[in-house]
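Trainee: Note that our numbering has the sequence shown beginning at 526, numbered continuously upward.
Calculated directly from the structure, the hints in this document are not laboratory data.
Fair warning: this is a prediction, and the values are worked out from it, not measured in the lab.
Please note that the accuracy of each hint is not assured.
[Claimed, not checked] With beta-carbon atoms standing in for the labels, derived distance ranges: (1) Ala562 - Pro604: 49 to 55 Å; (2) Gln553 - Ala636: 41 to 47 Å; (3) Val543 - Arg615: 20 to 26 Å; (4) Phe600 - Val559: 49 to 55 Å; (5) Ala548 - Gly621: 26 to 32 Å; (6) Phe600 - Pro536: 17 to 23 Å; (7) Pro574 - Ala622: 23 to 29 Å; (8) Gly632 - Leu573: 25 to 31 Å.
Quick reminder that beta carbons are idealized off the backbone N, C-alpha and C, glycines included.
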Amino acid sequence: MPVAQALVGIPFVVRSLVPALRAVDARQREAASVLGASPWRARREVDLPVVLRTLLVGAAFAFAISLGEFGATSFLARPDAPTVPVAMFRLLGQPGAALRGQAMALGTLLAALTAASVLVIERLRPKDALGW
Numbered sequence: 526m527p528v529a530q531a532l533v534g535i536p537f538v539v540r541s542l543v544p545a546l547r548a549v550d551a552r553q554r555e556a557a558s559v560l561g562a563s564p565w566r567a568r569r570e571v572d573l574p575v576v577l578r579t580l581l582v583g584a585a586f587a588f589a590i591s592l593g594e595f596g597a598t599s600f601l602a603r604p605d606a607p608t609v610p611v612a613m614f615r616l617l618g619q620p621g622a623a624l625r626g627q628a629m630a631l632g633t634l635l636a637a638l639t640a641a642s643v644l645v646i647e648r649l650r651p652k653d654a655l656g657w
């Protein structure tokens with residue numbers, strides 16, 4: 526199930542990360558190499574500080590999307606460990622007001638988690654990013 530959710534979220538992370546990686550000045554990486562840094566260390570010391578904020582925003586966005594992912598997980602969900610949307614679907618598929626109340630409580634929890642992740646995204650978003 527995490528694989529299905531990751532497959533849904535990865536394009537959003539890549540979409541936000543590629544422009545940030547392209548913005549890294551290659552001369553800085555070359556300077557790190559000239560000073561003796563290995564390619565991995567140059568990436569860690571030069572690229573990571575530049576793209577870290579964007580990476581965190583992409584990860585939070587992927588998290589928010591995977592929270593509500595129903596399509597892929599409904600096919601792959603195990604009966605003993607459903608995701609919140611699958612549990613809501615199962616509860617709403619059975620008669621009873623108590624079950625509907627439980628589904629509504631799960632929906633409220635899902636909305637709160639999604640709102641919290643959107644707030645994290647807004648706090649982490651680079652300050653020079655253009656508005657909507």
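Trainee: Next step is simple, just say for each hint if it's right about the structure.
Mentor: These are the hints, each one checked on the structure:
1. Checked against the given bound of 49 to 55 Å, the beta carbons of Ala562 and Pro604, roughly 50 Å apart, stay inside it.
2. Range check, Gln553 to Ala636: about 42 Å between beta-carbon atoms, so the 41 to 47 Å window is met.
3. Between Val543 and Arg615 the Cβ separation comes to about 38 Å, which falls outside the hinted range of 20 to 26 Å.
4. One distance hint, 49 to 55 Å for the beta-carbon pair Phe600 and Val559, holds here, with the actual separation near 52 Å.
5. For the pair Ala548 and Gly621, the beta carbons lie near 54 Å from each other, so the given range of 26 to 32 Å is not met.
6. In this structure the hint that Phe600 and Pro536 lie 17 to 23 Å apart at CB holds, the actual value being about 19 Å.
7. For the hinted restraint 23 to 29 Å between Pro574 and Ala622, the CB-CB distance of approximately 54 Å leaves it violated.
8. At about 37 Å, the CB distance of Gly632 to Leu573 disagrees with the hint of 25 to 31 Å.
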